[in-house]
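Student: Protein chains in written order, with full-length UniProt numbering: chain A, 1 to 782; chain B, 1 to 570.
If you're looking for bench data, these hints aren't it; they were derived computationally from the structure. One should not assume that every hint holds.
[Stated by the list, open to error] Covered stretches of chain B, as calculated for chain A (at least 3 residues, CB under 8 Å): (1) 319–333; (2) 339–347; (3) 538–544; (4) 553–563.
Idealized CB from N, CA, C, for every residue including glycine.
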Amino acid sequence: MERLSLVTEQQVTPEGALGKEAQLPPRAASSPPLPLPSATPRSFLAVRVFHRPRPEAPRTLRAMAAVGSAKVALQVAEVLETIVSCCVGPEGRQVLCTKPTGEVLISRDGGCLLEALHLEHPIARMVVACVSSHLRKTGDGAKTFIIFLCHLLRGLHTITEKEQDSLISKNIQTYRRHWKNCCQWKFISQALLMFQTQILDYIMDHYLSKHFLSIFSSSTKERTLCRSSLELLLEAYFCGRVGRNNHNFISQLMCNYFFKCMACESGFEEVFDLVDDYFVELNVGVTGLPVSDSRIVAGLVLHRDFSVYCPADGDIRIVIVTETIQPLFSTSGSEFILEAQFQTSQFWIMGRTKAIMTHLQSQNVKLLLSSVKQPELVIYYAGLNGISVVECLSPEELSLIQRIMGLSPFILPQASSQYEICNTALVKFCKPLILRSKRYVHLGLISTCSFIPHCIVLCGPVQGLVEQHEDALRGAFKMLRQLFKDLDLNYMIQTSDQNHTSSPLTCKNSRESNPLPESVNGLIQRPYQGTIVKSKGKLAKTQTYLKVCSNLVDPSIELETYTPCSTPKVIPADTYQTDETLRCLSPTKTSIIDDNEPFIESNSANSIAENTRIEISYKNLQVTKIAGRGNILPVREKSLEMCSSQSYYCSILPAGCVLPVGGNFEILLHYYLLNYARKCQQSEETMVSMIIANALLGIPQMLYKSKKGKDSFSQIYIRTLHALQTNQPIVSSQTGLESVAGKYQLLTSVLQCLTKILTIDLVINIKRQPQEMYDQDSEEEV
Amino acid sequence: MSRLEAKKPSLCKSEPLTNERVRATLCVLKGILTSSYGPSGRLKQVHNGLGGCVCTTSQSSALLSNLPVTHPILKILTTSMQNHVSCFSDCGLFMAILCCNLIENVQRLGLTPTTVIKLNQHLLRLCTSYLKSESCACRVLVDFSSPQRLLCLVRSIVTSKPACMLTREETDHISALVLRAFLLTIPENAKDRLILGKSIIVPLKGQRVLDSTVFPGILIEVSEVQLMKILPIKKSDAFKVALFCASLSGDLSDTGDGTVVVSSGVSLENAVLEQLLNLGRQLVSDHVDLVMCQKVIHPSLKQFLSVHRVIAVDRVGVALMEPLSKVTGTQPIGSLGSISPSSYGSVKDLCPAKFGFKHFLHLIPNEATICSLLLCNRNDTAWDELKLTCQTALHVLQLTIKEPYVLLGGGCTETHLAAYIRHKTCNEPESILKDDGCTQTELQLITEAFCSALESVAGSLEHDGGEVLTDMKYGHFWSAQAESPSVVHWPDLLSRCGCGLHNSQEELRWSFLKTTQHPFAPQTCLPHEATGSANNLTLDCFTAKLSGLQVAVETANLILDLSYIIEDKN
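Given these sequences and hints, build the entire structure.
Tutor: Shown next as C-alpha cells:
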C-alpha cells in the first residue's frame, strides 16, 4: 500500500521554502505599502529553490499545504526579482549563462535567464511558465513581469497581514485559519479577475488613451511609418536587451534593415511577418570580429557553399529542384530486373542526365538550387554546361526563396522531348561571399512581394554575444509585429451587481437635471432581489439583439438601430472630449459612472455572502462574454464602435500606440487607478485597484534607482502627478518610446499569473518517477 | 523510455569580478599570456596527463587550444581570442593581454560599469579613427613594388615565435621562402578582381630548416614502389591530364530506394569492370598522359593504363582536388561514360622528386597560382610551430594586400597610441564629455587605465628584467638592458626603439613607462625618408592589430558588465 503522509506546514520559513543556499532578506511582516522597498543585491545567491526529492523514497506522497501560496510566491518572486532587476532598463547589466555543453551565453533577456535557472520550486516554475507564454505572445517584458508580480505580491501580503491581525482572534485553530485563508485568496483572485476583465480595459480606454502617441507619421488613413519614432522605439527596446555600448548601433542596424527591406510604405506588415517567420535564414552570425563590423547586405545569403560555381554576369536564370536529376535504377516500391543490359541502362541514365542539363543550359539557366544532394554526375554536367549548383537547401530556405520570388519547383519531364521550362526566375547576381574564411552563397533575388531581401551579418567577439544580438533582433520584430495589430478592449459596467443593495439612488452631480430616459433609470433602480434573474433575462435580450445587429450589413443602419436602445444625447460637455477620434462614447455608460460616484456602500457584508455574490456575478460575466462574442466581427471592422448593451463595451486600441519610456505608462495608470479607486464603492474593487496602482510604481522606481536629484524617482513622480492634476502635458526626460499594447499585454499576463498563484491551495509534491500515461478507459477498468 | 532525470537547478553567483578566486585565476592567465609575448617570450610546455602529445609553444592559438579553462569568464576571454585568431591569425596575445590589463586596471578604480563602458568605447573610437586617419604616425604604407617592407613584416612575425627554434640565418631563409610562396600565389595578369591562389605546405620533418624550399605547382607524395612503376616518364612538351572525382573502383553507385534484381548468369562485377575498361580505352585513345583520381582506381584499370604508358595516381584526397583542378585547368570528372574533350587539362611538365626520405611527383603548371612550400624542421613540435608561423605569415600577407598598411611593431604603436590618447583627452575633453554626463575626473581616471593597459602590453615585450621607457617626442617604446648603473646616460645605453625607426642619438628625452606620464603631443606624420631608409623595421599587421584592439576593448567591456553568472550544473 502506498503510504500517504500529509505534512501541513503552517509557517513556511524562507529557508524551508527556498532551500539551504538561498539567503533571503528578512522582511518585516508589516512593511509599509508605499514606497516599496527594493531588494538589496546579495553577494552570493543560489537559486536552489526547492529540495529535490531523494530517489530512495519513491513511494511517498507528500502534500505541502501552502499557507497562502502567496506568501511562498512572494519569497520566490523576491529571489527572482533580485536576479532580474540587475538587468532592467538602460542601466542594466549582463548575465552570463553557461550551458552544460560548455557554451556560454550572454544575456539580458529575462526569459532567457529564468529558463537558464532551472528552478525547482513548483511556484517558481509556474511563474516561469507564465513568463514564457507571455513572451511567446509579445517578445518583451519578462523582467518587468517579475518585478510587477513581486510588487503585487508584496502589496497583497501587507494587506492580508493587517486583515488577519484585525479579523481573526488568536485562539482560532490554525487549521481553520488556514482554510479561512484559502477562501480569502480565492476571493482576492476573483476580484483580480474582475479587475482585469472590467476595470483595466475601461481605464485604458477612457483615461489613458488620451495620452497615447502614434508611431505613424500622420493622421491620414494611409498608415505610414515615421522613421524617427521607429528609431526611438527600437532604441528604447534595445536599451533593455543588449549591452549598453551596443544598443545604439544595433537599433540603427535594425532600423536600416527594416527600411531597406520595405518595398513600399504600406506593405510593412508583410515585411514583419516574413522577417519574423524566417529570421534564422535572414541573418548570418560571424564570430571573432568586432560588433561594429556588423552590416546589412542586399540579397539573400545562404548558409552553404556552391557545389559548382561558374561565374556569370548579368541577370541569371534560376530553377529550383526538389529531387535528384539523375534517374535512379529503381524507385521505392518498384523492382528493377537486371539482365544483360546493365551497361545500356547506365548509358541511358548518363544520357538522360546530360540531356536534362544541356536542356537547362539551352533555356539559359545558370543556377540550380536543390533541396537534396545531387549525384556527382549531375554536378559534373552542370559544371560542363556552366550551371552553378547549390545543394541541400533546408526546407525553410527553400520556402523563403519561393515566397520572395513566387517561384515553384521545377518538375522533371517524364519524356525527354524539348519543351519550355516555365518555372524559372531571374536573380540579379549570384556569387560566393566569404565571411571569416567561411564561404556562403550570395543571391540577389528579385522580389515579387513587398519584401526586398536583405540579410543582417552580425559580428561579435564571441558566439554568446552574437546570439544575444540575434535574440534581441528577433524579439524586436515580434514586439513590432504585436504593435501593429489593433488591440481589442472589451469591458463592461456591471450595473446589476453594483445595485444590489441600492435603496433609492441619489444623483448629486451636475447633470442631475438632465432627464435620463426611463429605460436606463429603470435598470439602475431595479431592486436587489430581482437583479440576477432580471439581468440574466436582459442579457438574453441583448444577445438576441446583438445577433440581429451582426446580421446587419450596413453600418449606418446598425447605428440607427442602436439609437432607440441607448440614451439620446446626454453627453456632458466635460467628458472625454479628447477621445473623439478614438471612440464614440456611450452616453449610457457615462451616466452610469456618474451615478455611481456618490454611492456609498452601507452594508459590510460578511465574507461568505460576498463570495457567493461575486460568483454569481462572475457567471453573468461569462454569459455576457459569450453574448459579446457574436458581435465582435462587425465591431472590429468598424474600428471603433460602442456595442450598446448597457453592460458590455468594446473598443479598439488602434495599432501603433506608443508612450514615452521611463515608467510613463505605469505612473499614468497608477494615477487613474487611484482616482478610480477613490470613486469605487466596493471594498474589494478599491483594494485591488489600490494594490495594482501601488505595485505599478515599482517599475519606474527600479528604472530610476541610480538617478539622483532632479531625475530621481520621487521628483519625476511628483512632477507627473502635478502635470496630470493640472491638465498640463507631461514632460518626459527620456526620449525613447514603448508599445502600449505590449504593456497592456504584460499587465494582463501578470494578473492572470497572480490569479493562478492565488487559487492554488495545496502543492502536492510526489517523490517518484512519473508514471506512463495510460488511456483513461483502461485505468478505470483496472 | 530510458531514465528520466530531473534537471538540477543552476548555480547563480553575483558580481563575479569581485570574487577573489576569479581575480586570482585571471591573474594566472594573464601571467601565462604576458610571459609568452614577443620575440624573447618564454616558451610553454603543455602536456596532458591523460595522453596526447606534448606541445611546446608561445603562440596563443596553440597554447589555448591545448589549455582548457573552466571558469565562464575565462572562457569568454579565451574564446574571444581564439575567434580573433581564426579570423586574422595574428595578434592573439596582444588582444588577450590588453583585455586582461583593461579589466585589471578598471577594477581598481571602482567606478560604475556604465561610465567605464561608455568611456572605454569613446577611447576606442579615438584610437580607431586615429589609426585609420592619414595623420597617423605609427602606420606605414606598403609599397608592393619593393619587397623590403613585406620581408620586414614576415620577419617580424617569424622572430616573434621563439618556439620555432630558428637561428638568425634560418629566420632569414624562412622569411624569404614565405614571401616567395606568397608572391607565387598572385596571378600575373589580374583583371579587375584579384583572386589569390594557394600555398600548400608539405611537411618534411627531421631535415634541416635550410633545406626548406618552395616550388610552383603541386607535389603529390607517392610511395617509392609506385614511383618505380611510373618511371621513366616519357618526355613531351605538355602532359594531358584527366582528373576524376568519381570513384573508379567499380562499385555500384546509388541504385535508388527500390530493389534491384540480378538474374542468374549476369555478373555485375564483369559488367562494371567492362565499363571501367571502356573508360580506360577512351582515355588511351584521347592520348591522356596522367590520370588522377580523388578516390580509388580499380587495380585492373590501373594495370590497363600502365600497360598503355598512362600514369595513374589515385587516393589524392579531397583537400588537393581544388588546387589540382586549378593547376591542370580542368574540371573534375564525375562521369564514367563518355568524357567530353573539354574536361581534360594539362601540365607543362611532370617529374619525380625526392626530398629527404620522401618521394614526390611534381606537377609543374604552365601558369597557375598554386605553389608548394616544402617545410623542414628538426622535430615534430618545432615543425608544428613553424607551420603555424608560416600559415600566420601567409595570412597576414593576404590581409596586407587587401589593406596595404602596416603598423610599427615592437611596442611602438602601443606607446604612441597611449601618448596620443592622453594628449587628446587632456586637451579636448569637451568632445568626449559633451553627450555623456560623465565628469572630467572620471574621464581622466579611465584614460589613465586605458593608456597604462596599452603601455603594459608593450612593457610585456621585455622579459629579462630590463627597463622599459618611452621617449617624449615620438612616443615610441625603448627597452634597456638589465642591471644598468644607477646614473646613466640614456643615449649610450639605448640603441634603437622597439620598431627600429628611431635612433637614440636623436636628442630625445625619456621617461619610465611605469611611472605616471605627463601628457605630451607625440609627433604625428611619419617622416617618409626615415621609413624609406630604415630597412630593418619591426612591423605588425594593420588589419589584425586594429581588430584585435577593438575586440579586446569590447570583450573587456562585456566582462566588466557582468553582474551574475548562472551556471547550468547538468
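Student: State for each hint whether it applies.
Tutor: Hint check results:
1. 319–333: holds (count 3)
2. 339–347: With 3 residues closer than 8 Å to chain A, the segment 339–347 of chain B meets the three-residue bar; holds.
3. 538–544: violated (count 0)
4. 553–563: holds (count 7)
The structure does not agree with numbered hint 3 stated previously, though it agrees with all others.
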